[in-house]
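A.B. asks: Modelling step: build the complete structure from the supplied sequences, incorporating the hints.
Chains A and B, in that order, are what the protein sequence lines are. The first sequence runs 917 to 1245 under the numbering used here. The second sequence runs 674 to 991 under the numbering used here.
What the hints contain is simulated information worked out from the structure, not anything from laboratory work. A virtual CB, placed ideally from N, CA and C, is assigned to each residue, including glycine. Check before you lean on any hint, since a few could be wrong.
A short list of chain A residues far from chain B (calculated; beta carbon distances all over 10 angstroms) [claimed, not checked]: (1) L931; (2) R932; (3) L953; (4) A1027; (5) L1031; (6) A1073; (7) V1100; (8) S1110.
Once the Cα atoms are required to be at most 25 angstroms apart in a straight line, the calculated SDA-like pairs of lysine to any residue come out as [claimed, not checked]: (9) K938/B with P794/B; (10) K938/B with F851/B; (11) K1171/A with R814/B; (12) K1171/A with L977/B; (13) K1171/A with I813/B; (14) K1171/A with P1076/A; (15) K1171/A with V971/B; (16) K1171/A with V1224/A; (17) K938/B with E872/B; (18) K938/B with M855/B; (19) K938/B with A1046/A; (20) K1171/A with L921/B; (21) K1171/A with V1030/A; (22) K1171/A with T1216/A; (23) K1171/A with R968/B; (24) K1171/A with T975/B.
This is what each chain is made of:
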Amino acid sequence: MTSTTTDIRSSEGGLRSWLERYPFLPALVIVVALLALNGVFSPNSLSFRSLTGLFSTYMALIMLAIAQTYVVSAGDIDLSAGATLSLVNVAIVILMERWGGGAGAVLLALALGVLIGLACGLVNGIVVAALRLQAIVATFATSIFFTGLALYVMPVAGTPAPALFWRTYGGRLLSVPFVFYVLVALAVLLFLLSRTRIVTELLAVGDDQQAAYQTGLPVVATRIKGYLLCGLFSALAAFCLTGDTASGDPLVGGKMTLYSIAAVVLGGSALAGGWTTVVGSLLGALTIGLVNSLVFFMGTPSEWQNFVQGLAILLVLMAGVLAGRRARA
Amino acid sequence: MRSVALFLKQPLVVALVLIVALLYLGESLSPGFASADQILRLLIVASLLGIVAAGQNVVILGGREGIDLSVGGVVSLSAIIAGNVMNGADSGILPAVLACLLAGAFFGLLNGLGITLLRIPPLVMTLGMLGVLQGLLVVIRNGIPSGRAAPGLSAFVTQPLVLGVPGIIWLWIAIGVFMAFMLNRTVFGHRIYAIGSNEHAAYMAGVPVRLMRIGLFMISGMFAAIAGLCLLGYSGSSFANVGEQYMLSSIIAVVFGGTSLAGGKGGYTGTMAGALLLVILQGILTTVNIDESGRQMVFGATLLLLMLFYGRGRAMRA
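C.D. replies: Take a look at the structure:
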């Protein structure tokens, strides 16, 4: 997904036009560099097995970062994405357990999980777009509400997910790890979405709301659709997280919200809206994962790990913003 | 009649009316809620939030999507620095205050430099800084014990000082007077509104926009540091991430005080009422006998409801 406006300068050629067509390039460079560094410090970390592990652990953050990207496209933000993830996580675990943990129960619970995610997105959309509250504070309020709901569904963490569910997620199908099917399905879904008008409309609203309104775009409806997509992908993130942790935890997503925003910026999207890239957000989430594992493989003393991670992420965030601006300039 | 309607729409008036209504509600739900002692206790808690919100307020007033997500990290860091510097001795209070202010100003300076020189959006810069601060907390906590508050500091925060009112509430009132004076009567204050409502025009008029903005983030860091220090006095010793709760609630207090997140409009008096409102609401929810899930749901829903009273965005017009 690139900018909605075609710039005359794009014909100049060279690096800038590449950046304009593929705004996630800087993020890709960073991911490749981090992979190489991981390989230097621990050759084993580049094995197929380790990479599978990386994807199964960070697939939830990837999904959540993509969820965030759709609202950011329209110039909005969702501080409740993590709480939505928590709510879907505990809801599907409880439902699967209550319905016996068979294949039918799992699928039905997942279907309901999607509906819950969409419902959360709808609430956010109505509150922010229709009632015109400020997105940052309003979605913070809804995040408190969703967290309350999650605590109501499961007051304490620890209820296990049925074995069928996490064995499938962590296992292999036709000798290929299941998580790669998830990745392919995600790619197809993102491709199909990029062919629809909704993404273009979101970017148009994010680029200039007034102009979008004056060209006849239903601005309110479009922003609500952005939040619906965010709710949908937050639910998918919850599925991946449940597959990875194999249990329910009503507070699990709280810390992930800020990481999802960081991943969006790392990927090269502009938080102001109008210029976003879902591929970049995917790479941004991977960047966070790779920074974490690199800090570990470098043999950083355990008490320094959080600090070095924080510093490294701040530096790549800055690099992401600077590179993204160069592309848009 | 028109002027009465306008008066009632003032954010400060809205907040004060809501505060009285909530106190009444609290008193009827649990008798003694609005007693003098309880109100003083609520004021102490509100002053901690209000001091953080003072810094958040100037950053938001300065516009250009100004926001400081790192305040929570600075509060925690300052609490642990203060605990270690004073370590239970009154003679350590002054050095602790200086060390905390220095730390707050330093991280504010870093935020400001990133935001002005590199033009990183404030949300991104301060979010990244929050990660760094949280990492730093782990480092410090592993190296040294968390330290204790000096008795003098604890007394300042929790015991009556003058007219039966604890020192921290006087400090908060002083900060309120200082902020009102600075925002309304000084060149610096007027320039905050100027860069908040039209940065380019302010620049053309000769306002040192970058320097101003760096200053605002340093002020925010220092207010968060003062709050961290007082928080240590309130709780006796610092524990992990004590400041985290202030990150978003300081923003909500500013919004409930009628300051626009777009910048350039609002003031601190409203924010003080906003902080008080938020704390009373939380106080009522802890008094009422419902479990944590219900409490959170009611809190979230009430916040949304209250937001409807404040400046909503304008509807799109062709």
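A.B. asks: Does each hint hold? Answer for all of them.
C.D. replies: Comparing the hints with the structure gives:
Once the 10 angstroms rule is applied to beta carbons, L931/A is consistent with being away from chain B; the minimum gap is 20 angstroms. Annotated as non-interface, R932/A keeps its C-beta farther than 10 angstroms from every C-beta of chain B; the closest such distance is 18 angstroms. Chain B leaves L953/A outside its interface by the beta-carbon criterion, the shortest separation being 19 angstroms against a cut-off of 10 angstroms. The Cβ of A1027/A sits about 24 angstroms from the closest Cβ of chain B, beyond the 10 angstroms cut-off, so the non-interface label holds.
At roughly 19 angstroms, the least C-beta separation between L1031/A and chain B is larger than 10 angstroms, which holds for a residue marked as non-interface. The claim that A1073/A is not at the interface with chain B holds, since no C-beta of that chain comes within 10 angstroms of its own (minimum 13 angstroms). Every Cβ of chain B is farther than 10 angstroms from the Cβ of V1100/A; the closest lies at roughly 31 angstroms, confirming the non-interface assignment. Residue-level check passed: S1110/A sits 25 angstroms from the nearest beta carbon of chain B, beyond 10 angstroms.
Straight-line distance between C-alpha atoms of K938/B and P794/B comes to about 20 angstroms, which keeps the hinted pair within the 25 angstroms bound. At most 25 angstroms may separate the alpha-carbon atoms for a hinted pair to count; K938/B and F851/B meet this at roughly 18 angstroms. Pair hint K1171/A plus R814/B holds up; C-alpha atoms about 20 angstroms apart against a cutoff of 25 angstroms. With a C-alpha separation of about 22 angstroms, the suggested pair K1171/A and L977/B falls inside the 25 angstroms cut-off, and the hint holds.
With a C-alpha separation of about 21 angstroms, the suggested pair K1171/A and I813/B falls inside the 25 angstroms cut-off, and the hint holds. Taking the CA atoms of K1171/A and P1076/A, the gap is near 21 angstroms; set against the 25 angstroms cutoff, the hint holds. Of the pairs offered as hints, the one joining K1171/A and V971/B holds, with about 22 angstroms between alpha carbons and a cut-off of 25 angstroms not exceeded. Proximity of K1171/A to V1224/A is assessed by CA-CA distance (about 18 angstroms); at most 25 angstroms being required, the pair is judged to hold.
A distance of roughly 13 angstroms separates the Cα atoms of K938/B and E872/B; the hinted pair therefore holds under the 25 angstroms criterion. For the hint pairing K938/B with M855/B, the CA-to-CA distance comes to about 15 angstroms; that is within 25 angstroms, so the pair holds. A hinted pair counts as satisfied when its Cα atoms are at most 25 angstroms apart, and K938/B with A1046/A qualifies at roughly 23 angstroms. At most 25 angstroms may separate the alpha-carbon atoms for a hinted pair to count; K1171/A and L921/B meet this at roughly 13 angstroms.
A hinted pair counts as satisfied when its Cα atoms are at most 25 angstroms apart, and K1171/A with V1030/A qualifies at roughly 21 angstroms. With a C-alpha separation of about 23 angstroms, the suggested pair K1171/A and T1216/A falls inside the 25 angstroms cut-off, and the hint holds. About 20 angstroms separates the Cα atoms of K1171/A and R968/B, which keeps this hinted pair within 25 angstroms; it holds. Distance hint between K1171/A and T975/B is fulfilled; the C-alpha atoms sit about 23 angstroms from each other, no more than 25 angstroms.
Checked against the numbered hints above, the structure breaks none of them.
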